[in-house]
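Colleague: Since the structure of chain V is already known, use the hints to place chain S on it.
Chains V and S, in that order, are what the protein sequence lines are. Count the first sequence with this note's numbering and you get residues 12 to 479, in order. Count the second sequence with this note's numbering and you get residues 148 to 485, in order.
Among the clues, some could well be false.
A few chain V residues that face chain S, going by a derived Cβ cut-off under 7 Å, partial list only [unchecked claim]:
no. : residue
1   : A74
2   : V82
3   : L106
4   : G110
5   : F114
6   : L121
7   : F185
8   : A427
9   : M433
10  : T434
11  : V435
12  : L438
13  : V442
It should be emphasised that the hints constitute simulated quantities derived from the structure, not laboratory data. What you are looking at is a predicted structure, and each value in this text was computed from that prediction instead of being measured. The beta-carbon is built from N, C-alpha and C at its ideal position, and this holds for glycine as well.
Residue strings, one per chain:
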Amino acid sequence: MDALELARAQFAMTSIYHFFFVPVTIGTALLVAVLHTQWYRTRKEDYRRLTRFFGGLLLLSVAVGVVTGLVQEFQFGMDWSAYAKFVGDVFGAPLAMEGLAAFFLESTFLGVWVFGWSVLPRGLHLASAWAVAIGSALSAMFIIAANSWMQNPVGYEINASTGAPQLTSIGDVFSNPVFMPAYLHVLATALVYAGAVMLAVSAWHLRRGGPDAKVFHRTAKLAIWVVLIAALAQFHLGGKLGQAITVNQPMKVAAMEAQWETCQPCSFSLVQIGGYTPDDPPTKIIQIPYLLSWLATGDINGKVTGINELQAQYAQQYPSGDIQYYPDVFVQYWSMRAMAYFAGLAVLIALWGVFLLWRRRLDDARLFHRVATWSVFIPFVMGTAGWVLTENGRQPWIVDGLMLTKDGLSPSVPAAQIAVSMTVFFLLYAVLGIIAAVLMVRHTKRGLPPEQQPDDPGERERAPELAY
Amino acid sequence: MDLPVLWFVIIAVFWTGFFVLEGFDFGVGALHTWIGRDEAGRRAAINAIGPLWDGNEVWLITAGAATFAAFPAWYATWFSALYLALVLVLVALIIRGVSFEFRGKVDSSRWRSTWTATMVVGSILAPLLIGVGLGDLLAGLPIDASGEFTGTFIDLLTPFGLLLGATLLALSLLHGSTFLAVKTDGEVRDRALRAASGLRWAAAVLVIAAAAATWSLGGRTVLAAVLGALSVIGAVAAVVAIGRRRDGWSFVATAVTIGATVAALFAGLYPDVLVSSTDPAYSLTVAGTASGQYALTVMTWVAVVLFPVVLIYQGWTAYVFRARVSSRAALQTTIPAA
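If we strip away everything but chain V, and leave its shape as in the complex, we get:
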């Protein structure tokens, strides 16, 4: 592998891994704040125990999420210094804002919340839980704004002397048509992750039975609704994002549908074999007429421009000439379907849960308990596929239309160094991932913290149970 392939593989690996923990953190922080609020309002012991229990899972997720986030920030300078130098004027601003506006908030108040149980007045303690939830959600906002700029650069002009983009309107960066749907889509995704984790844990306890099962019924119910609503919202917002991309990154949409020729109206293929290269005719197995037009443009007779037409147009338009302007079509086609089909699976499982809730049979539905527990993997496949779709679909550009990925690489870093760091991070991440997963399972099996009487004097002494 050359330096470019290694650096890309490293960025892909570390980003995918980082995003295992990010949505769990964002969504769980929000759900923990909700549980904490319930405890604050009702003073029911169940909610205190649930808040602490899910708080413990949150902390494990945050621990790995934060340290792997450092790698993400540093990598721009380490592996992609030409990119960093080229785009820093625009792309750096949302990253710096993320630190000041969001990450300080999240990290500082996480410490306050964890150690604040017996120190803070109840109201302030609850507020710190919300500060964590808001901080982590805001953090994603700035990161998605930066990412959206790579997908669809706006609010800049090219500096005549350096040839690099210079920020001219921060308002345009935050009103990028790709940004808002992408950000809300990610927030909904985070809730699907967190809901699925909460549902898996709760279902496992419902299946095991015992005194905790009654308490976990509450979170099973909450999680079923969260997964259902968030997954539906995700479809809706994903659709909005898709339409914004059809306008701003048409090649990404054409490639994810393996749509070589321009079509109007266009049908959506559920599954196809072949058709991933220009000279290989596809064997479409199942097609739904008009669906692609509707998904891509919001109109059942909408037009989707094909890869070949866009390729010819870009070869004329860009100074890089007649190079390949479309990404790996196979990866694009199947990442889109993996994302959408797994999201659909999440909806079906949530609907099953809603049905059981309606029939009041949730507590005895043993098959559902088992399926819901294993469903914890669904969002991870879905979310990973979503990012592969987004980032692979940007290729060959690192910033759409402005800089090719191959031109973003650090000129001074030899491939061997990237190979070393890739190996180091791979091994370290593998070990951390296994440990974090084992600890999460242990935490789940251990169940709820013990019950306390309202005026138990032991509260103060035992309080820092979430402490190290």
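Modeller: Quick look at chain S alone, frame taken from chain V:
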């Protein structure tokens, strides 16, 4: 003051704040297993920084992001030049960061000693290597006319970089000891003071050497002189205060020393941001690497509004958790058996 200079100052403030705050976290992480003789003592030491360390580390993230945004060419050249060193820094910060969370999760002494070891190694490597990376800015790296690093890993190990790394490591250890003296009681406090007492002379000698080297390498301005002198005065004050077991003043003195040492580096560095050892004409400068006026204006507004807010709530956090951590209470935080 024009905006690039303002942002150079802001970045210097982030790095200074990072070492003043995270410096004691590094020190506590590195020394907790010696200062805490038993599990209760170790846990008291870790819990003393527990509510704070995560927020403190954000100063580093913000310093990095601000450099990226305000001086893209500086960030690009510096981070790619330090490649392998930064891989080590990241490994150190990762193993250290997860150690805090993982260490108490399984009730077995082998498990705990594993994460104690990673916490110690990470907490020693991080300030040492970050110190080397900061020192290299002033010591100079082989940078060519196009602003690219042309050296190898060995070129990163400049004498001044190594001196600054050793100084920041020693100061972090000392700062961590004085922090624990302020924040714990009983035997842990005694042992923290003893550790500080043992470290103070070595740290003071290194601070004086680093101040002298910074002065001889860097720009000789009034500010650089004041900050260099402040670091030396702080170190002497720390030696005296620790000798008299005045824990509050010791902590203030080590905070001033570590802060002034980092700030003096940036004062000496200005108007360069990364010196070229190939040819001084190739050195990256504040003016030459800064982002455009508009981007800096936007970020200045964001910083002016948000930075004071951050300072207020981080200060409030320190106030909320001002009580000394007792090792008796720490023992009772034992995790219930699975």
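Colleague: Taking the hints in turn, state whether each one holds.
Modeller: Hint check results:
1. A74: 4 Å, holds
2. V82: Nearest chain S Cβ about 5 Å off; hint holds.
3. L106: 4 Å, holds
4. G110: For G110(V), the interface hint holds, since the closest Cβ of chain S sits about 3 Å away, which is under 7 Å.
5. F114: It holds, given that the least Cβ distance between F114(V) and chain S is near 5 Å, below 7 Å.
6. L121: 6 Å, holds
7. F185: With a closest approach of 11 Å, the F185(V) hint is violated.
8. A427: 10 Å, violated
9. M433: Not OK, violated: M433(V) not within 7 Å of chain S, min 10 Å.
10. T434: 10 Å, violated
11. V435: 6 Å, holds
12. L438: Hint violated; L438(V) Cβ to chain S Cβ min 10 Å, cut 7 Å.
13. V442: Violated - the Cβ of V442(V) stays beyond 7 Å from chain S, reaching only about 10 Å at its closest.
Checked against the numbered hints given earlier, the structure breaks hints 7, 8, 9, 10, 12 and 13 and satisfies all the rest.
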